[in-house]
Amino acid sequence: AIMRGVPQLLSRARLVRVGFSASEPVLAVQAGILQPDKFTQTFVQIRGLKSSKVISQAPLTAVDIADSGKQLKQELEAIVGPGNVSSGESVVLQHGQDEGPHPGKSPDIVVFPSSTEEVSEVCKICTRHNTPIIPYGTGTGLEGGISAVEGGVCVNVSKNMNKILQIHQEDFSAVVQPGISREMLNQEVRSDGLWFPVDPGADASVCGMCATGASGTNAVRYGTMKENCLNLEVVLADGRIIHTAGIGSRPKKSSAGYNLTSLFLGSEGTLGIITSATVCLHAIPESVAAAVVGFPTVQNAVDTVVMTLQCSVPMARMELLDEVQMKACNEYSGLSYPETPHLFLEFHGSESEVESQTETVRDIAADNEGGEFQWAVQQEDRTKLWTARHRAYYADIALRPGCRSLTTDVCVPVSALPDLVTATKADIAEHGLIGPMVGHVGDGNFHTMLLFDPADPEEFRKCKEVANKMARSAIALGGTCTGEHGVGQGKMVLLEEQFGKDGIDVMRQIKGALDPQQLMNPGKVFSRN
Amino acid sequence: MALKVLVGCKRVIDYAVKIRIKPDKLGVVTEGVKHSMNPFDEIAVEEAMRMKERKLVNEIIVVSCGPAQAMETIRTALAMGADRGIHVEIPVDKMDTFQPLHVSKVLAKLAEKEKVDIVMLGKLAIDDDSNQTAQMTASLLDWPQGVFASKIDKTDAGLEIIREVDGGLETIRTTLPAVLSADLRLNEPRYATLPNIMKAKKKKVEKMTPADLGVDMAPRIQIVSVEDPPVREAGQTVADVDDLVAKLKEKGFSSA
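First to last, the sequence lines map onto chains A and B. Heads up, the first sequence is in my numbering, so the first residue is 1 and it goes up one at a time. Heads up, the second sequence is in my numbering, so the first residue is 530 and it goes up one at a time.
Because the hints were derived from the structure by calculation, they are not lab data. Using N, Cα and C, we set each Cβ at its ideal position, and we do this for glycine too. A couple of the hints might just be wrong.
Computed footprint of chain A on chain B; a stretch qualifies when at least three of its residues, placed anywhere within it, have a C-beta under 8 Å from a C-beta of chain A [unchecked claim]:
1. 710-721
2. 724-732
Taking lysine-lysine pairs in the BS3-like style, the calculated list, with each CA pair at most 30 Å apart, reads [stated by the list, open to error]:
3. Lys252(A) with Lys563(B)
4. Lys159(A) with Lys554(B)
5. Lys730(B) with Lys623(B)
The following block holds chain B by itself, in its conformation from the complex:
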């Protein structure tokens, strides 16, 4: 009874890049900037691969929504061992208004179309930090959710998941099918090796649009402005403790 997994991967600005705000203050500069797969999505792909190696899963389908360059992300996932890909094409000028709710609707439609048992996502994307897609996808499908997973095991009835929560670790059991999201300590992803990168070039990638899946792209959220955090002001050196106390009083930090 091997399972089918749909893994979502997002192409984001690489975590090491210094972000710059666009002059119109409505977004960040993405032209000519290094992009890579969202790190949490790498962990998701890796977990799917490990389940495949344990013979729990027999097919991994990777999906990415975005412009032409999203293909790079799909190829990376294929090089890590995913079996085939789906590229949901979003034109570049529509990317600013393409939001987690739309992604969730796309994933929900694909999960039903491909009859998958698990939808596996990263817990959040490092560009928008939304942490919404897994939860909304589960809700749209009316499937159980195991989010912030740091360990996933198969049981007779479904899955046992250990989640990282503020107070520590929470163990839950769900039935299948289910939506899961990967947290940082779930695993350490493998690197794509050259032979696998070459093999990945031959794997099948299907292309489609949100319209093909009946998903409407109208934005629900409008970005009002994007700004840099305030510039750090210069400090003031004080001569001695008395001076420090006087300055603190002056600035209203002391009640005395």
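Okay, chain A solo, but in the shape it has when bound:
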């Protein structure tokens, strides 16, 4: 019983040697943290025994650590092949850092499996060695989701598992492996008149988008990842392979069993590794028109959005750029928009539908003090019109060369948006920060790019303060601390506030059931206790 219990008590130690003394009920344990280049002493507190007292301790030798690391590496090489296991410095560095502002921690080893079965065997090995497992797709996340906070093995499932397994044109669905990014999928299906509409900006792995519950500019009409995922193939920490909606299932709807697809969507790698996703495709719209219109205030712009939605105009994209963002875009892309809040709009449908939708929205905008209503139909004209929005992030970084951005992601009911945006802008100004704003206003979701100098911790602290305040306001208004980027490491405290202790405890119980050794992407979403 003690032998079984010990691996769970050792939070991140690997059991190297165990000894029993015949005369006293003493468990002598040597344990080491799996860090091949340095070793640490571990004091093990053994609960459940009559007394727990450290009798003696001795540092593990470097040989002990190196041996245990070497054995793990050999076992992994036996499964994926020696060319697909690396602990090289630049490789681990790349696999611990995503595109967000938080510095990531490198894993100890990176493996590149080539099949779901290999992923399963890798997980079994890591479970035996009690080593953390961190799934890796394209590394394009923003919340430090891939940071190996407790070291471990990073499982890069995108490099070798990069096939589109099935495309079902008539059923509007496709099955993809983690190495397929959304642009790759789109390129493949466009000749069938289909597209995959979830567009978070980055060319992210589709399976990675399932892991974070990604969304994007088209969500107002086409939904987020949650509405566009039919089934997931997941490998659990113990190596079991499951299909969340049924083996090979891809019906449009199902009442069969617990909704495991929803459970794993947005679980950010803390419950299992997604090795394939069945996603929904949509028909490429017959006609697309783009429009841009400026307003004197954010309130005017948001009112326009609310009225448009209430008129049931099936908008495909509704993006709000505030005046700070417009200034940045003008400077970066050489444009000459007035520096006021602007709405960037896109209409999808048949030619006549698009025309009538555009007319309706043009009138609503005019009623709300809207300025010049520019619109375009040709592909390159639309691209040009939307340049400002597409390059928004880079335009922000260019505002203060060398700076990085803490990107916030709150989402509230649309009616609460104007107040929250106004309060946030005041808060940003009060803290003396630059924070251009881009919002998927149709969903009540907006991002502020709070710029900070990476060499100035005080400025970063101020950004965090503004971000946290914004998130708390959003929660109080009936919203969420993260609309699409996920919790990662940075919002764990906010999640507790949003769900309350009991809510998070339920999540902990589920995690405990599926990942008893706490190996799947530790240190993310919520704390252990």
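Start from chain A and add chain B according to the hints.
Chain B alone, transformed into the frame defined by chain A:
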């Protein structure tokens, strides 16, 4: 005075595919490999469609030369809005020796047969990069050519074309009929939508062979070998600047 356009489309290996050389080193592997319409030909079809939407053109005929699968390419062009197609059938085993000169002869014959005003092609195909067909077609027809077009406008006397050349942009005027070839920045092609894909299935596609057009298929060019570029060799790390200089001298890169 609406014009008739003949657009040429080639079925090529998709640009995103990793090319592999055949074991006999005389070509590349095409079996089971993803193919699609040559990207420059998509731009050509799109330009023809835009001219039709501007009422300058009233009929777009798309032609493709190749085996049975060339029909996919024709259907794609029809789904983009072309009116009808012509499939010039070339047996699979003759594809290796089917060369730009043959295509030019076929296009020239079809241009005369269909009495078109414009022959519209992509500037080059991404598999052979020949960049010859438009020019040879114009020569065979003795028509003016506007190649590497990045903008095409109708004038009273014919066409005004802006061409992308090494030194910048060149504006030329031609009479009609003319042969044009599309460069990258001419336009951004539309995607075929499902309703148009369904409509395309009903559009007429005529089949014929080069012999029907009196074109002889004898090859003029023989491919001697196809090889991979040389494998990149491993680099050498040097200890310090002195070491680097010594190594450079050793390899004969230094005159000192």
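Status of the hints after comparison with the structure:
Coverage of the segment 710-721 of chain B by chain A holds. Counting CB-CB distances below 8 Å, 6 residues qualify, and the rule asks for three or more. With a threshold of 8 Å between beta carbons, the proposed coverage of the segment 724-732 of chain B by chain A holds, since 3 of its residues qualify and at least three are required. For a cut-off of 30 Å, the pair hint linking Lys252(A) to Lys563(B) stands: about 29 Å separates their Cα positions. For the suggested pair Lys159(A) and Lys554(B), the alpha carbons sit about 29 Å apart, so the restraint of at most 30 Å is met.
A hinted pair counts as satisfied when its Cα atoms are at most 30 Å apart, and Lys730(B) with Lys623(B) qualifies at roughly 27 Å.
No hint from the list above goes unmet by this structure.
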